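When you get a sec, could you build the whole thing from the sequences and use the hints?
Each chain is listed here by its residues.
There are 4 protein chains.
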Amino acid sequence: MVEQHTPAQESPLRLKLRSIIFDTDTAAGRYFDLVVILCIICSVILVLIDTVESIHAKYGFIIQVLEWFFTVMFTIEYGLRLYCSTSPWRYGRSFYGIVDLLSVLPSYLALFLPGANFTLIIRILRLFRIFRILKLLRYLSEGTLLLRALMQSGRKIFVFFFSVLLIVLVLSPVMYVVEGPANGFTSIPKSIYWAIVTITTVGYGDITPKTVLGQTIASFTMLLGYSIIAIPTGILTASIHNEMGRSRNSRVCHTCKKAGHEQYANFCDRCGSKLELEG
Amino acid sequence: MVEQHTPAQESPLRLKLRSIIFDTDTAAGRYFDLVVILCIICSVILVLIDTVESIHAKYGFIIQVLEWFFTVMFTIEYGLRLYCSTSPWRYGRSFYGIVDLLSVLPSYLALFLPGANFTLIIRILRLFRIFRILKLLRYLSEGTLLLRALMQSGRKIFVFFFSVLLIVLVLSPVMYVVEGPANGFTSIPKSIYWAIVTITTVGYGDITPKTVLGQTIASFTMLLGYSIIAIPTGILTASIHNEMGRSRNSRVCHTCKKAGHEQYANFCDRCGSKLELEG
Amino acid sequence: MVEQHTPAQESPLRLKLRSIIFDTDTAAGRYFDLVVILCIICSVILVLIDTVESIHAKYGFIIQVLEWFFTVMFTIEYGLRLYCSTSPWRYGRSFYGIVDLLSVLPSYLALFLPGANFTLIIRILRLFRIFRILKLLRYLSEGTLLLRALMQSGRKIFVFFFSVLLIVLVLSPVMYVVEGPANGFTSIPKSIYWAIVTITTVGYGDITPKTVLGQTIASFTMLLGYSIIAIPTGILTASIHNEMGRSRNSRVCHTCKKAGHEQYANFCDRCGSKLELEG
Amino acid sequence: MVEQHTPAQESPLRLKLRSIIFDTDTAAGRYFDLVVILCIICSVILVLIDTVESIHAKYGFIIQVLEWFFTVMFTIEYGLRLYCSTSPWRYGRSFYGIVDLLSVLPSYLALFLPGANFTLIIRILRLFRIFRILKLLRYLSEGTLLLRALMQSGRKIFVFFFSVLLIVLVLSPVMYVVEGPANGFTSIPKSIYWAIVTITTVGYGDITPKTVLGQTIASFTMLLGYSIIAIPTGILTASIHNEMGRSRNSRVCHTCKKAGHEQYANFCDRCGSKLELEG
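Chains R, F, C and X are the protein sequences, given in the same order.
So in the numbering used here the end of the first sequence lands on 1691, straight run, no missing numbers.
So in the numbering used here the end of the second sequence lands on 1691, straight run, no missing numbers.
So in the numbering used here the end of the third sequence lands on 1691, straight run, no missing numbers.
So in the numbering used here the end of the fourth sequence lands on 1691, straight run, no missing numbers.
These are computed hints drawn from the structure, not numbers from a lab.
It cannot be assumed that every hint is accurate.
The list treats identical chains as one, so a pair stands whether inside a single copy or across any two.
Said to hold, decoys possible - List of simulated lysine-lysine pairs, DSBU-like, C-alpha gap at most 30 Å:
{"hint": "1", "residue 1": "1602", "residue 2": "1470"}
{"hint": "2", "residue 1": "1622", "residue 2": "1470"}
{"hint": "3", "residue 1": "1547", "residue 2": "1622"}
{"hint": "4", "residue 1": "1602", "residue 2": "1686"}
{"hint": "5", "residue 1": "1470", "residue 2": "1428"}
{"hint": "6", "residue 1": "1428", "residue 2": "1547"}
These figures come from a predicted structure and were not determined experimentally.
Here it is, written out as structure tokens:
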């Protein structure tokens, strides 16, 4: 577990492997990524369809064999990553290191904890390996833009959820009293569930107001709720618009190299030097 | 009830208490706020889960004890607020003063009005104390921005609701005639309820068109309604965008009066003169 | 029916009445508007609740009496409008003149066409008077802005509906073949109804896919449909943003009085003269 | 199948036909387009309503006759298009050439493959001719704008779908374990279907959570999902806003190169010099 920082001492095999496994610029690296991601998707689909009763009865054994094949593959891959990483210890503690480990552990755990109680949970824990696909995001700069827009709007969206919570908490006891347990509103928590189903316009219809007063309140809730729920869209749209504008503005100051000046700016707003006209 | 404005005559205890209870800048003040808000949340959750039949049967007594504990706490807090406020009378009549009073009253009322008819209503009135959490908004400037955006859009959203009302009032009698009581459209008010459920895309499915003509009208309603319901989102988005722009607009160049500089700009991007730092 | 354009010959009563009935600037005119609108709303509510079986059985006679009271009132109002209008013939042919006439006609028609077949339709035609409330829009400039935004987006929203139609027409036969009459998809028109209910996210649940393939297609439809249905919101938001920006920009050219210049404009874009700086 | 590029050798009839069939500028060309589109719509409606059991039983024969009438018409039209095209081979391989061929083929195929198994599929394949209506888009520049906005947002919307997929894949096994087959969550794929129905706010209500924990998770999903699903709206709105701005941006000042002048501007609003007229 000693960290090795001196590349001169490394074997050519390890260097070669590292370039295949960790690089995204070389053809071999991209091909490796592609194969791993295909394995992940196949392995995840296996876990998903294995829960379908009819498929499990018919193809249960083949699925188990394939599952072990993928587990062994992922174990080898994890070992190789540990072996050829410049710093195995840091890789092991990184987000993807832990996800890589968690993607093989459940299958081995199932050997030692064969009780029926744990089987289902362990089988489902295998789905955790889907997070490895997040590595794909390296190829997409758009993810960063959306994430920045979301984070920029974080506090505003919290305020919005807070307001929805208040509306729901005022509405729920009212509907509980108006409709009562006879019409499905058996408790205030159930009434809260109904209010959220209604205000988000999901509208399952498993609990619906039956009385005229209840339907009137529900109608106002829907209209009010719709206006209020337009807020996150508004917040996100404004944020995305900002972020897109920022990444698009290509006017660069020749003195201090600051990019992202507004379309009509005459001077750099960091160093004050004259900007050249576009075109 | 005489208003006391001369702080020189006040006892040190009262000054200390006031700084804890009313201040949001000191550590003690924030800690006090946090404890009060946690008490409010716990007490509200108690009221909520007490309406679940199974929980009431099992833990009813404990919930009642805890409820009285919180009521006594809130009563003491209300007394302290009255005692150490610079102007108890003005505090008592303020929005939060009334909310604070209403958050303890229902529990005491239940002692004097023990009739079963009132019990449920009184128990639910306790939920009123949730509004005390609104004080939290002091910490969030985003709340103000969203509220300003909503208020700025107030008249536009009224016009929108007015249009939806007209569409609903034209649509409802048509569907009432087309579908009739046999298919669940027992009256025009019921038909209005259906129209609102449909136009807001909630779609419970408790009343649905059964005839071909009814389903055709419903289909057009959904498509039309969706376009129309996009309006509040549009209004709010434009308003939020404006408000976000305005909060950035506070940085004005003293030379050419150009507003709207970015937060970290050092120089005006129109005339190139130095901008002053904020604060 | 001779048009009278010479106000000198008119009686003072007629002038006074005209100012009350047609003016919106005087206190009397506004008060008259308010009374008429309240009568309209009451009369519309009467028609609505009269269709509720239980209310009709109990209060049917009172409702009928009140209905005739409002009909007589509206008839007198219509007569007064005709009498004191500067041009009765033009008023009679105007949109509001026709709406005013249509708001009293159905009640009188019911006397001459007492057959049970027509009763329901005639009773519902009374609801037509709700359109008289549109006069309210005179007080609201916001209505114009929203209408302009909608009309500006008209062609884009048509293109959107056209695309939705194509998606629906591709999707419907596929689901009809996949699910079949046994699962509620009894014909392609029914399948189209399902597709619109799904794509607009209304989701009644009266027809739902039962097969695995059908549910898979439905899932993709929902996700695809949601992205596509975001388009009208986007179109309207951009339009409203434009309209709000146009009506808000208060920079006026002192030479040619053209308003609505952009924030950073230095010169008027109509006459080319220098604009003064803001503030 | 030899391509003929020398118009001098062409017969006047062929030239005349080509101008009618392919031109959109002449009155005859537009009239021809209109007739063809009306035929397409009628023929598509025939296929749709033929699947309604009661209509098929009653008007089945008339529909079949009309269907053959349209098929022969479309065949003649296809022949004429091949005949008078400047390059029949290129037309035959073009998108619309293939769609035109596919719109007549199924009817003829039905003669050679009369088995009941194929009948339904072949009858539905006729609906393919609806794509011929896409030619209408030539008349609408708005379609291009929306398409550009969609394509511009393509990668961002892919990132969004990827995030929704991850949320759905985390949520589904959790709900499968919490609710279990007894409450309708019979397998993880079914649970995924539920998650998509919920997160897109369609909310059929065919599968709904029954346990308290399940309803709590579902409530959080709806609120979370709503915020996340606001993203495509935000992305599209920003894109449409950009595209609308770009179409305005075509007016550029030749002196200072400032773009983005309004359609009716006479002078540049930055440097005050005269703008040239469009076209």
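Okay, the hints, checked on the actual structure:
1. 1602 <-> 1470: between (40 Å within a copy, 18 Å between copies)
2. 1622 <-> 1470: between (46 Å within a copy, 21 Å between copies)
3. 1547 <-> 1622: Close neither inside one copy (50 Å) nor across copies (35 Å); limit 30 Å.
4. 1602 <-> 1686: neither (63 Å within a copy, 60 Å between copies)
5. 1470 <-> 1428: neither (43 Å within a copy, 66 Å between copies)
6. 1428 <-> 1547: Cα proximity of residue 1428 and residue 1547: one copy only (21 Å, versus 54 Å across).
The structure is inconsistent with the numbered hints 3, 4, 5, although it conforms to all the rest.
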